[in-house]
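Below are the chains, spelled out letter by letter.
4 protein chains.
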Amino acid sequence: MIKTDIYGIVFNKLKSNILDDWKNYTQHEFVERIGKGNLERRLYLKYLMQDYVFLIHFSRAWALLIAKANSVNEMRLASKTLNSLVNEEIQLHVKTCNAEGISEEELFKTEEELNNLAYTRFVLEAGYSGEFLDLLVALSPCVFGYGEIGLKLKSISKNDNQYIHWIDTYFSDEYQKLCISVGELLDKAVKDRLGNDFENNIIWPKLNKKFLTATKLEINFWEMSLKLE
Amino acid sequence: MIKTDIYGIVFNKLKSNILDDWKNYTQHEFVERIGKGNLERRLYLKYLMQDYVFLIHFSRAWALLIAKANSVNEMRLASKTLNSLVNEEIQLHVKTCNAEGISEEELFKTEEELNNLAYTRFVLEAGYSGEFLDLLVALSPCVFGYGEIGLKLKSISKNDNQYIHWIDTYFSDEYQKLCISVGELLDKAVKDRLGNDFENNIIWPKLNKKFLTATKLEINFWEMSLKLE
Amino acid sequence: MIKTDIYGIVFNKLKSNILDDWKNYTQHEFVERIGKGNLERRLYLKYLMQDYVFLIHFSRAWALLIAKANSVNEMRLASKTLNSLVNEEIQLHVKTCNAEGISEEELFKTEEELNNLAYTRFVLEAGYSGEFLDLLVALSPCVFGYGEIGLKLKSISKNDNQYIHWIDTYFSDEYQKLCISVGELLDKAVKDRLGNDFENNIIWPKLNKKFLTATKLEINFWEMSLKLE
Amino acid sequence: MIKTDIYGIVFNKLKSNILDDWKNYTQHEFVERIGKGNLERRLYLKYLMQDYVFLIHFSRAWALLIAKANSVNEMRLASKTLNSLVNEEIQLHVKTCNAEGISEEELFKTEEELNNLAYTRFVLEAGYSGEFLDLLVALSPCVFGYGEIGLKLKSISKNDNQYIHWIDTYFSDEYQKLCISVGELLDKAVKDRLGNDFENNIIWPKLNKKFLTATKLEINFWEMSLKLE
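Same order as they appear, the protein sequences are chains R, F, E and B. Heads up: the first sequence is residues 0 to 228, going by numbering that gives the first Met the number 0. Heads up: the second sequence is residues 0 to 228, going by numbering that gives the first Met the number 0. Heads up: the third sequence is residues 0 to 228, going by numbering that gives the first Met the number 0. Heads up: the fourth sequence is residues 0 to 228, going by numbering that gives the first Met the number 0.
Isolated chain R (complex conformation) (with noise of 0.2 angstroms):
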C-alpha cells in the first residue's frame, strides 16, 4: 500500500471520496503494462506525443493560477511548478521523443486526439469560469496520481525494465517534492478560502466534484492511450 499522506490533508480527503475511480485512475491497464515493461512501443510513443500537447496546455493553466492568486506566497509557489513545468518537464518530453525517433518538429504537428483536448480545456475552463481553488483542485489529480503512480511502480518493476526511466521521472525526488510542494499549497489555498472545517463548507461538494471530473477524464486519457487510431 503506498502511503501518500505526505501530499496533505485536502488531497487525501478528494481522494478517499472516490476511491473506485481513483484506482482506476491510477492502476488502469496502461499504468500495469507500464510496470510490467510489455507496453508496446508504439502505443509508448503515442502517449508521449500526446502527453506533449497534454504538458503545453496543463502549463498554461498553472499560468492562469498564478494570474487567479490571492497572494504572492501563492504565486511563487505557482510559479516554481510551473517553471519545473515548461522549462523541465516539456524539454524532458522531446529529448525522450528525440531518443525515440520523433523530432521536435513533428512533435508540434501532433494532432491532439479528443480525450486528450476533453481534459486540458476542462481544466482550463473550470480556472476561467471558476476561481483559484476550482483550478488548483482540477489540476491535483494529475499531479497526486502521478507521484503515485511513481512510488508504486518503482516498487513493483525490475531495473531492466525499458520503461524504467518513465518511472524514475515521478518516482524521483525532484518530482515527490513538487507533490509535496503542491499539497502545501492546497491545504493552505483550501484552509484560506473554506476555512478550517472545510469539509462542512458549502462549496466543498463543487470541489470534490471538480475532482472526479478531472480523474474520469484521466481515465479517459488511458483510454486514448491504449488505442491507436
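Accuracy of the hints is not assured; some may be wrong.
For identical chains, the list gives no copy identity; a pair is met inside one copy or between any two copies.
Only pairs whose alpha carbons sit at most 30 angstroms apart, straight line, appear in this in silico DSBU-like list of lysine-lysine [what the hints assert, rightly or not]:
(1) Lys205 x Lys187
(2) Lys187 x Lys12
(3) Lys12 x Lys108
(4) Lys205 x Lys79
(5) Lys208 x Lys94
(6) Lys226 x Lys45
(7) Lys226 x Lys35
For the record, the hints were derived by calculation from the structure and aren't laboratory data.
Chains F, E and B: place on chain R using the hints.
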C-alpha cells in the same frame, strides 16, 4: 441539395474546407434515424437530457461572446441569440422532457457525459483564451449545422414522424432567421478584424481549425447519443 | 430617510459597513446639483457621454456574470438585467443625447476618461479573476446606488427640474423592480455559496472590500463628471 | 538622445505614434526628480509601496500572458519575465523597503490607490477580454519605459544620487536584456498574428490605442506618486 448560402460568406467558406467532416456531422446516423423516425425513444430521451446540459453551457458561451464584443451592435446581436437560448430553447427542452415524463428536477441532475463536457468546455475555453472571433467560430458549427439539419430533415420526413416537433423547431422561420442573423454577425465580425481579403489573413487557418474541432466534437456528441451508458 | 430594505439583506449589510463612503457616493455634490436642477448643462452632457461608454462596459460585465453563473435561474435573472441594459438603458442614453444635439456617431467616439475606465475595468477584472459572487458584488454599488438616488431625488425635486427625466428613470417602478430583483439574486447567490451565516464566512471580508472599492470608483466617477477636461 | 532601437521594431513604431504622451511619461517630473536626487524621501517611499502592489498585479498579468500563448516558445519567453518579476523584482522591493524601515507586513497592507488599481486592472482586463497581443501591448509601456528611464537617468545622474540604486536597477545589463528579450517576443508575436506588413493590418490601430492608454496610466501613476494622500 440544401442551400445554405443564406447563412453568409464566412460560414460557407469554413464549411467548404472541411466538407467530409461536415457531412459526418450533419448526416450522422443519429440524424438520419431522427429523419426516418426510427430512433429508439430511450436514445432520444437520453439525447434530450444531455442536450439540456449542453444548452446551459452553450448559453454561457454566448454570454461570454457579449463580454468580448467590440461594439454595441455586436453586443445587441449576440444578446438576441443568448436571450432566445436562455428564455426559449432551454424552456422548450424542459417542456419537451416534461411531456416525456422527465421532470425538471431530473433534468437538473443529469450526469454530464464526457463527450458532452468536452464540447462545451472547448468552446468556452476558446473564448476565454482567445478573442471574440475565436469564440464565435467555435460556436458556429452547432448553430448552422442544426439549421441545415432542420431544412434537410423537413424535406424528407413524413408528418407522422414521431420526431416532427424536433425537426420543426430547427426548420422553423424563427430558427432559420437566427441562423441568418448569426451569419451576418460572423461576416461582419470577420470583415472588421481580418479585412475583406480574410482568406489571406494570417490567422484564417487558426479559425478554420477551431471550426473543424467544434465540428468533430458535434460528431462525438452524436456518437455519445447513440449509446446508452 | 430613504428605505432600501427592499433591496435585500446582503446589500444592506455591505452598505452598513461603509456608510461614510456610501454617503459620499449617493449624496455627492454632482447628485445634489442634479436634485436641485442647478448642474451646468455642459457638465450634464459630459456625464451622459461618459456614462454611455460606461454602460457598454458595464453591460459586458453583466454578460460575463451570466457566463459565470451556477444555475439556469441565475442565468435567467442576470440576462434580464443584461437585456434591459443593452436594449433599453443604452438606447435611452442615445435618445437623450440626440435630444441634446449629440449624435450617436459622436457618442461612439467619446474619449473614455481614466476615472471611467478605472471603474469598469476593475469590475470586469474582478469577474474574470474571481467567480460569480466577486463580480456580482462589484456590480452592486452602481445598481443599488442609482436606485437610492432615484428615490431620494424624486422626494426632494420639483417637477420643473431640468433633470426630472433623469430622476424619473431611476425612480421608476421599472428601475426599482430591477433593484429588487438584483437584490434577490444577490441574497440567493450569497446563501448558496457562503451559507446562511454568510457574515462569518471566511471570504465575506473580501466581498466587503470589493464593494468598498466599487463605491470609491463611483465617487471618482462623479468627481470626473464635475470637471471639464 | 537615448537609443532604444534595440527594443525592437514594433515597440518603436508604437512609441513613435504617441511621442508626446511617451515623453510625458518617461520625462515626468517624478522621474526628473529621481534623476536629480531631489525627490522627497517620503514620496519615494510611498511610490515604493504602491509599486509593490503594482508589481503583484503586473506579475499576474504576465502569468495570464503565458496562459494565452500560442507556442511553447512564447510560453518560455514570457515565463522568464514572470520569474524575474516574482522571484527577483518583488523581492528587491521588499528588501529596499526593509532598508527604509518598512516591514514586509506593512507592505502587504498597503492601501492600493485608485490610479494604481486603474492601471493593473486595465492591463489584466485587456488580457482577459482580448488575446495574447492585446495583453502584451498593454504590458509594453511599463517594461520599455523603465528601460529608457534607466538609460537616460544613468547618463545624467551623479553617483552620490540617493536614488542611484533604483536607477542602476533599470540601467543594469539584466534589465536591459529583459527589455531586448521582450522586444523580440513582441516583434515575433506581431509578425505571427498580423503579418510582416503589420502596420496595414486592420487591428493595428486597436493595438496602438491599448499602448496609448497604458502610457497614460503610467503618467497617472507618476501623478499619484507626487501626492501624499
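Do the hints match the structure? See the list:
Both within a single protomer and between protomers do lysine 205 and lysine 187 lie at most 30 angstroms apart by alpha-carbon distance, with minima of 18 angstroms and 17 angstroms respectively. Taking the closest pair of Cα atoms, lysine 187 and lysine 12 come within 30 angstroms of each other both inside a single copy (14 angstroms) and across two copies (29 angstroms). In this homomeric assembly, lysine 12 and lysine 108 come within 30 angstroms of each other (Cα to Cα) only across copies, at 24 angstroms, whereas the closest approach inside a single copy is 39 angstroms. For the identical chains of this complex, lysine 205 and lysine 79 are neighbours both inside a copy (27 angstroms) and across copies (26 angstroms), given an alpha-carbon limit of 30 angstroms.
In this assembly of identical chains, the alpha carbons of lysine 208 and lysine 94 lie at most 30 angstroms apart only when taken from different copies (28 angstroms versus 36 angstroms within one copy). Taking the shortest alpha-carbon separations for lysine 226 and lysine 45, both the intra-copy value of 9 angstroms and the inter-copy value of 27 angstroms come in at or below 30 angstroms. In this homomeric assembly, lysine 226 and lysine 35 come within 30 angstroms of each other (Cα to Cα) only inside a single copy, at 18 angstroms, whereas the closest approach across copies is 34 angstroms.
Checked against the numbered hints above, the structure violates none of them.
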